[in-house]
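Student: Given next are the chains, with one letter for each unit.
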Amino acid sequence: MSVAPLRLPFVSEDRIRQISRSLDEPGWLLQQRLIAAARVAELPAEGNQLFTPYHDLRAARLAESQPYAEIKVSGDSERAELPAGASAMLAVRGDTIVARSLGPDALAAGVVIDTFGAVLRDRPELLQDILQNGRTLPADDAFSQVACALWSHGVLIHVPAGVQLDAPIVIRHDPGEAGRGVISRTLLTLGEEASVRLLEEQGPGSHPAGRLDGSVDQRRLWWGTMEAVLDDGASLEVAGLQDFAQDTVAFVNRQATLGRSARLRWALASVGGLLHKSRIDNLLVGQGSSVQQVEIGFGDEAQLFDLTSYTRHIGEDTTGDLLSKGVFSGRSRGYIKGLIEIQRTARGTDSFLGEFSMLLARKARSVTIPSLEIDQPDVRRASHASSVAPIDETAIFYLMSRGLDRETARKTIVLGFLEPVVARIPLPEVAERLRDLLAAKWPAEAAAAAA
Amino acid sequence: MALSQRQMVDNDRSRFDFKDEIVYLTDTKRGLTRATVEEISRIKEEPDWMLQFRLRAYEHFLQRPMPVWTDGLDRIDFDKIIYYRKPSEREEKSWDDVPDQIKQTFERLGIPEAERKFLSGVGAQYDSEVVYHSVKEELTKLGVVFMGTDQGLKEYPEIFRKYFSTIIPPEDNKFAALNSAVWSGGSFVYVPPGVDVPLPLQAYFRINGENTGQFERTLIVVDEGASVHYIEGCTAPIYATDSLHAAVVEVVALPRAKVRYTTIQNWSNDVYNLVTKRAHAYEDSTVEWIDANTGSRKTVKYPSIYLRGRGATADIISVAVAGSGQHQDTGAKAIHLAPDTKSRIVSKSVSKDGGRATYRGHVKVAPGATNAVASVRCDALMLDDVSRSDTYPYIDIQEDDTALSHEATVGKISQDQVFYLMSRGLTENEAQNLIVQGFLEVFTKELPMEYAIEFNRLVKMEMEGALG
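Protein chains in written order, with the numbering used here: chain A, 1 to 451; chain B, 1 to 468.
If you are wondering where the hints come from, they were derived from the structure by calculation, not from laboratory data.
You may find that some hints are simply not true.
Covered, in the sense of this in silico footprint (three residues per stretch, anywhere, with C-beta under 8 Å from a C-beta of chain A), are these stretches of chain B [stated by the list, open to error]:
(1) 156 to 170
(2) 386 to 398
Here are some, though not all, of the chain B residues that point toward chain A, as calculated from beta-carbon distances under 8 Å [unchecked claim]:
(3) M382
(4) D401
(5) T402
(6) L404
(7) H406
Idealized CB from N, CA, C, for every residue including glycine.
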């Protein structure tokens with residue numbers, strides 16, 4: 001069984017040429033877009049034979065999508081005020097970059113946050129090779145190639161060698177008006193020994209949500225990438241909080257390529273949106289590089305979370321520690337899929353993949369596929385684990401014996417199950433907001449029953 | 001260490017393989033056409049419904065695309081295969097009547113000895129027909145039916161038709177369709193209500209003759225409260241061109257029945273072994289697949305259990321050893337369709353000398369199957385760095401009170417353990433043998449004693465090499 005290619009009316013050569021012209025792009029960049037578009041036409045929507053039975057885009061209504069073709073930069077974007085505790089900020093609202101500001105530390109360190117166009121004009125050495133190389137996104141993944149072909153908003157975040165920023169860089173995304181959407185690329189380059197934290201907030205935005213019940217059944221689209229290249233010894237922490245409005249359909253590709261001894265930590269939480277399809281590719285190329293990934297999804301109503309990660313061990317003595325947790329209530333579905341690949345060159349690998357789910361309602365569904373492909377047995381560890389279980393009755397009993405009512409006990413256990421990701425959000429107020437969002441997900445009928 | 005693990009566990013499979021010259025009395029021509037299917041049905045003097053069934057399956061086989069999720073199947077040349085051959089004219093009632101040539105082959109497989117000691121019945125398949133068959137009087141008295149599937153169709157048409165292909169319809173997959181079109185031989189077992197078959201039923205299967213396909217079809221129906229243990233083992237001679245074995249095994253465990261089906265698969269390295277095995281487990285019944293795969297070029301087999309009745313239990317132990325040129329694409333499926341059902345899957349694989357072991361599993365808890373408990377455990381041992389191990393589990397849960405756990409690990413033989421055993425006087429090869437045997441013990445301990453001995457001997461021969 002295979003899955004047909006994506007049929008997207010907005011992937012057309014005319015449109016690609018129009019976007020490229022409006023951004024005044026060099027010819028090679030246009031060529032890249034056209035190559036990507038050709039791949040989209042050829043590639044199956046799900047290229048991995050293992051995952052095709054659980055590929056479901058019916059709710060996305062992609063044929064009706066109308067993403068913005070042009071992204072404007074608002075005049076006062078560089079003067080936007082930074083959130084407390086942040087070192088820099090990039091914020092996009094619909095078709096406008098509303099903030100692109102750097103704090104004094106980031107400025108002094110030579111951190112760059114700018115559009116691809118501006119960087120190619122002013123400092124091409126930071127971007128041209130890496131873009132031309134075209135290896136920052138998986139060429140076999142149709143969704144990443146859509147972003148590659150049609151991005152109207154591309155931003156580079158560059159942290160020079162040796163720079164260590166303690167305060168996080170904040171990125172905010174808002175897909176804009178109902179029925180519209182953004183297709184974007186975010187490229188992150190970290191020089192040798194550079195160290196940075198990133199907080200990515202994908203929010204419901206200020207525009208009212210589209211109607212889901214009436215005849216006008218519009219979808220908002222957020223289609224974006226995060227492409228990270230970590231030089232030797234670099235360290236990157238990414239915390240992500242996805243809280244899109246309930247009409248939003250999100251396709252996210254994140255890929256990181258790690259140099260020698262580079263370290264990467266993902267802490268990603270998804271609570272919003274109607275359909276959230278995400279793919280993470282961790283490429284552990286450099287000797288001794290390591291990735292730690294914790295990902296949570298809390299679904300309710302008709303939400304679908306499709307969370308996939310590929311971790312490829314290529315260099316020697318690399319470490320992968322990957323944990324995904326899902327909680328699903330209502331009629332929501334979670335497809336948590338992962339593959340660890342240990343290539344023949346990857347002696348001394350330590351890799352663990354855990355996929356754990358909790359179902360809170362009888363109509364909710366959880367699919368987990370934690371897979372291993374191993375060509376090199378000389379490993380420190382290569383294992384995966386998965387469980388799907390109801391809330392532990394003995395834990396509920398214990399909490400009730402300490403004075404909690406049953407529903408509060410259940411809720412406490414579920415939030416505790418997800419806390420490992422919440423604790424990794426770098427800004428305390430954002431972590432607190434995530435806790436509130438998760439608590440608000442608690443099924444209303446359960447809350448009513450407890451009252 | 002002085003020698004690599006690969007050198008030490010060098011194996012020569014030809015020692016298991018032998019071939020006798022057999023005069024075949026009836027052959028179909030090479031290749032598969034509608035006429036071949038009709039001819040098979042005519043030779044067997046089958047009722048019309050079976051002919052229609054075969055033709056429906058044949059049509060589906062033609063239409064169904066080759067699976068692409070596993071590789072190498074496109075190397076099968078369906079036109080080169082002989083789909084039916086019949087070595088002797090009638091079912092043999094006693095061992096003495098079996099032709100000497102065939103008897104010699106079975107003697108080398110150890111059947112008579114085993115029969116004397118432990119076994120209650122023997123149905124041995126020689127190529128495409130059951131040629132030897134004995135059922136102890138005790139079983140006949142109990143009303144237990146154990147015969148060739150063709151004979152079952154003739155003698156027990158009601159039971160046969162009630163269950164045949166209801167567990168695995170021809171449309172299930174391409175190779176189930178192929179089997180349904182050209183099936184021949186296999187075992188038909190019926191155990192009446194409340195009967196506990198005291199000793200394992202055993203059938204040896206053989207492929208002999210170059211390019212002979214073997215498409216046996218087994219149907220086991222265990223009535224309410226009854227129990228049976230069925231054992232199947234295979235071996236086949238080596239040939240230069242590829243042989244195909246596409247079997248279908250259907251098991252029905254009615255309420256409170258208990259069925260255990262044990263397989264030791266040891267086809268020679270040129271055989272494509274593409275088998276569909278499935279059981280339906282009704283209320284409070286238990287089905288166990290105990291499945292080992294050491295032979296074949298490529299095995300594609302995922303014994304599955306559909307838990308259809310409240311309180312049913314599934315237990316699957318799957319063991320695979322993949323050596324040079326082999327791909328063991330094996331696993332297990334447990335489909336929970338009723339409340340209070342339990343399943344346990346244990347998979348162990350060893351890959352070496354460039355072999356590839358793949359575990360594919362599916363655990364599904366369907367809506368309505370409340371209070372299900374499922375566990376999966378997969379361990380893989382890789383003996384060298386030219387081999388490969390894959391694990392692909394699918395876990396699809398649609399009830400909120402399910403308790404499921406899944407764990408998998410992949411690794412090599414611990415040098416600490418080898419060192420310890422060597423310090424106690426074992427050679428390095430003996431130490432590795434012992435560790436591999438210990439790794440597979442979860443399977444071995446479930447076997448009847450003489451099978452356990454044979455299986456351990458098989459593993460030891462697989463592991464033996466320059467130092468052995």
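Student: Hints first: check each against the structure and report whether it holds.
Tutor: Taking the hints in turn, this is what the structure says about them:
| no. | hint | result |
| --- | --- | --- |
| 1 | 156 to 170 | violated (count 0) |
| 2 | 386 to 398 | holds (count 12) |
| 3 | M382 | holds (3 Å) |
| 4 | D401 | holds (5 Å) |
| 5 | T402 | holds (6 Å) |
| 6 | L404 | holds (4 Å) |
| 7 | H406 | holds (4 Å) |
Hint compliance for this structure: hint 1 alone is broken.
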